[in-house]
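Each step along the sequence shown adds one to the number in this note's numbering, with nothing skipped, and position 307 is 307.
Just so you know, the hints here were simulated from the structure itself, not pulled from any lab data. Hints are supplied without guarantee of correctness; some may be wrong.
[Said to hold, decoys possible] Here are the simulated DSSO-like pairs of lysine-lysine, each with C-alpha atoms no more than 30 Å apart in a straight line:
1. Lys-212 to Lys-250
2. Lys-232 to Lys-250
3. Lys-232 to Lys-297
4. Lys-186 to Lys-284
5. Lys-250 to Lys-306
6. Lys-306 to Lys-186
7. Lys-212 to Lys-284
8. Lys-306 to Lys-232
9. Lys-212 to Lys-186
10. Lys-250 to Lys-297
11. Lys-284 to Lys-250
12. Lys-212 to Lys-232
13. Lys-297 to Lys-284
14. Lys-306 to Lys-284
15. Lys-306 to Lys-212
[To be verified] Quick list of the computed label-pair ranges, beta carbon to beta carbon:
16. Lys-232 to Arg-302: 24 to 30 Å
17. Val-241 to Glu-81: 23 to 29 Å
18. His-129 to Ala-304: 50 to 56 Å
19. Glu-92 to Arg-57: 21 to 27 Å
20. Arg-188 to Val-229: 29 to 35 Å
Here the structure is a predicted model, which means the values were calculated and not measured. By construction, the Cβ of each residue, glycine as well, lies at the ideal position given by its N, Cα and C atoms.
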Amino acid sequence: MAEEKTPRRLGRGLAALIGEEPVYRIRNPAASNAAGKEAAVKPDIEPVDAEAAELIRSMREVPIEFLRPNPYQPRHLFREEDLADLAASIRERGILQPILVRPVKGNKNAYEIVAGERRWRAAQRAQLHQVPVVVRELSDTESLEIAIIENVQRADLNAVEEAKGYDRLMRQFNHTQEQLSRLIGKSRSHVANTLRLLGLPEPVQSLLQEGKLSAGHARALVGHPRAEVLAKEIATRGLSVREAEALARKQESAPSKSTSASGGKTRAEKDADLVALERTVSEKLGLVVEITWADGKGGDIRIAYKTLEQLDEVTGRLTTRGKGLR
1 MAEEKTPRRL GRGLAALIGE EPVYRIRNPA ASNAAGKEAA VKPDIEPVDA
51 EAAELIRSMR EVPIEFLRPN PYQPRHLFRE EDLADLAASI RERGILQPIL
101 VRPVKGNKNA YEIVAGERRW RAAQRAQLHQ VPVVVRELSD TESLEIAIIE
151 NVQRADLNAV EEAKGYDRLM RQFNHTQEQL SRLIGKSRSH VANTLRLLGL
201 PEPVQSLLQE GKLSAGHARA LVGHPRAEVL AKEIATRGLS VREAEALARK
251 QESAPSKSTS ASGGKTRAEK DADLVALERT VSEKLGLVVE ITWADGKGGD
301 IRIAYKTLEQ LDEVTGRLTT RGKGLR
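Work out the full structure: start from the sequences and follow the hints.
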């Protein structure tokens, strides 16, 4: 097994650009508002810290029509009410965080958005003619990584898009779950549990994206043979996460249609300890695990994976000396 590599972190300047906080503030909001739309683009500003000061020095204004969306954008749903709120804020306070862009080769009047598409969309709604940008020369790989990281760090990204972003980072850049958790600043268990949502049937993922199910509801259905039916019932009845978990457990205890060829117990016959062990191992690996036990004859452990990267992650954790399933 190759030695584990530490993922490359973004430079401090780029990290600031894709953060949630503004990099500058308006010194005199009243005066800026009185100056009209142009002030919304270039008000009387001051940096919030030394790092932001460096960004402001490299900032420029470009016509809004020079910008184009990022084809690597992991976010596909832009809520209309959120864009309307952001547009109203931009009209009043301006864009307090420049948009990160990179030049489009062969066209000096075109820039591809790397981070900040929501701001660009809202600025169009606010009818701005120019927007503040920071231009960086970035490769396709760097642009993809930054675009995904910017979005998965946002609190309002739905869980399916977040999971797809994690999965793409792992596949494209060969990150392990541990490396990814350090890169984006979230716990490994959060990364693992979010990735498990990709194992849900497409109709269940759609309910999650539409906001009819929460991530907590969805996690209770991962690996469940009746996930789609239960998801619709949970959404229709408006069940809480605890009620959804109880419903899933109740359905899990129903007798399965057949018993394993080795004579292992069906899920209905499994004792509570075995079911609990399945859940524990599943949570540790971030994958669906099934354990069968034939009295006095041993049993089987089945680990379901969907990609070679997931298989590599499991085998790496099982074969690394001293680490086990920790």
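task: Decide if the proposed pair is consistent with the structure: Lys-232 and Lys-250, CA atoms, cutoff 30 Å inclusive.
output: holds (16 Å)
- prompt: Okay, Arg-188 versus Val-229 on CB: inside 29 to 35 Å?
  reply: holds (32 Å)
message: Given the hint of 50 to 56 Å, is the C-beta distance from His-129 to Ala-304 inside that range or not?
response: holds (53 Å)
query: Is it true that the CA of Lys-284 sits at most 30 Å from the CA of Lys-250?
result: holds (23 Å)
- prompt: Quick one, are Lys-250 and Lys-297 close enough, alpha carbons at most 30 Å?
  reply: The hint holds at about 28 Å.
query: Do the alpha carbons of Lys-297 and Lys-284 lie within 30 Å of each other, as the hint requires?
result: holds (26 Å)
message: Against the 30 Å threshold, does the CA-CA distance of Lys-232 and Lys-297 hold or violate the hint?
response: The given pair, whose Cα atoms are some 40 Å apart, is violated under the 30 Å limit.
- prompt: Within 30 Å, alpha carbon to alpha carbon, are Lys-212 and Lys-250?
  reply: holds (22 Å)
- prompt: Is the hinted pair Lys-212 and Lys-284 satisfied, with a Cα-Cα distance of at most 30 Å?
  reply: Judged against 30 Å, a Cα distance of about 28 Å means the pair holds.
- prompt: Can the restraint linking Lys-306 and Lys-186 be considered satisfied, given a maximum Cα separation of 30 Å?
  reply: holds (23 Å)
field: Lys-306 paired with Lys-284 [C-alpha distance capped at 30 Å]
entry: holds (17 Å)
Straight-line alpha-carbon gap Lys-186 to Lys-284, limit 30 Å: Holds, because 16 Å separates the two Cα atoms, which is no more than 30 Å.
In the structure shown, a violation is registered for the earlier hint numbered 3 alone.
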